[in-house]
Amino acid sequence: MVQALVALFGVLAVVGALVWSLRKDPRSLRNGVLVILVVHYLLGFIAAVTAWSSVLQTVDGLVLLAVGGLVALGLSLLPLLLVLDGVLMLRRESRSLANALSLLGGLSMICLPLVLVALLRHENAVTGSLAAGLLTAQVCAGLLFLVFAVHTALYARIARRARAHAVIVLGAGLVEGQVPPLLAGRLRRAVTAVEERKAQAEAIVIVPSGGQGRDEPFAEGAAMGEWLRRHGVDADHVLVEDQARTTQENLRYSARLLAEHGVQEPYLIVTSNYHAPRAAMLARRLGIDAQAIGCPTALYYWPSAYLREFVAVLVEHRLLVVISGIAVVGMMALTWSSLTAG
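Heads up: the sequence shown begins at 1 in my numbering, then just goes up one per residue.
In silico DMTMM-like pairs for lysine to aspartate or glutamate, Cα to Cα no more than 20 angstroms straight-line:
no.: 1; residue 1: Lys24; residue 2: Asp289
no.: 2; residue 1: Lys24; residue 2: Glu265
no.: 3; residue 1: Lys198; residue 2: Glu265
These are calculated hints, taken from the structure and not from any lab test.
Construct all of the structure, not just a fragment, from the sequences and the given hints.
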């Protein structure tokens, strides 16, 4: 009974913290941490309640067995799927490190267990410490990725309903001076977003944002603006931003342009679905009141792009990387001390 009450208190406390955090800012990565804590305490509460009855314990055991089996099956297939996707990605896209992330991720998941077995066979302090460090690093990376995945899934649902007085569309490069399918998808999503919010405001402005690249005949923003006008958007409702070269400049210059025309926050950012959460985090860091939504991308392209966003988010949240590094070094030190004692 006491255990159930303690677990229930934990659930209520963390749910309250999650509600507060979402209201304060749904763009924060801490929301992913809080969701995982809610699930953790909820499972503890269920375990405490089912302990009162052998029937409930049996049902709980069967459910956990089924869920565990599905998770195990998914994890066993994931490395192979990542490798296959990585090969397809490199065949269809340019050969770069960013496009090879799914391939590298899959290969690392396949090779790491083999490396651990090889290290542990030597049974000495050096190889034991290295094995402990590698295993700890894998656990830390897995937990951080889980936080990121939970946050992005939750944020996507919240951002869909966000209010906006303007829509900022991030550029993605022109192909022979024309708007390519990926960029056209973003523009179509922007038009849809405006239609979904007609009841919120009489006129929602769309800002196509993007400067001129070295291999482009003119600015992306200008080409995007022309695309919008050709597809029925009133020219008075299009403000072209044609100087930005990076996502940060996209947001800063677009927000400044909107402020100059008297369009107040909040804004809505439209980009590809894998990029939306990080674009929202960047807007948060720049002090811009804007949420971000995404348009679909090709299925084969998504894993590497999503992993690229994960790495970029870790770079922007260096404290999490530092904490993980401390955990790895600490576990290696403890293992070394244990194996060399006596």
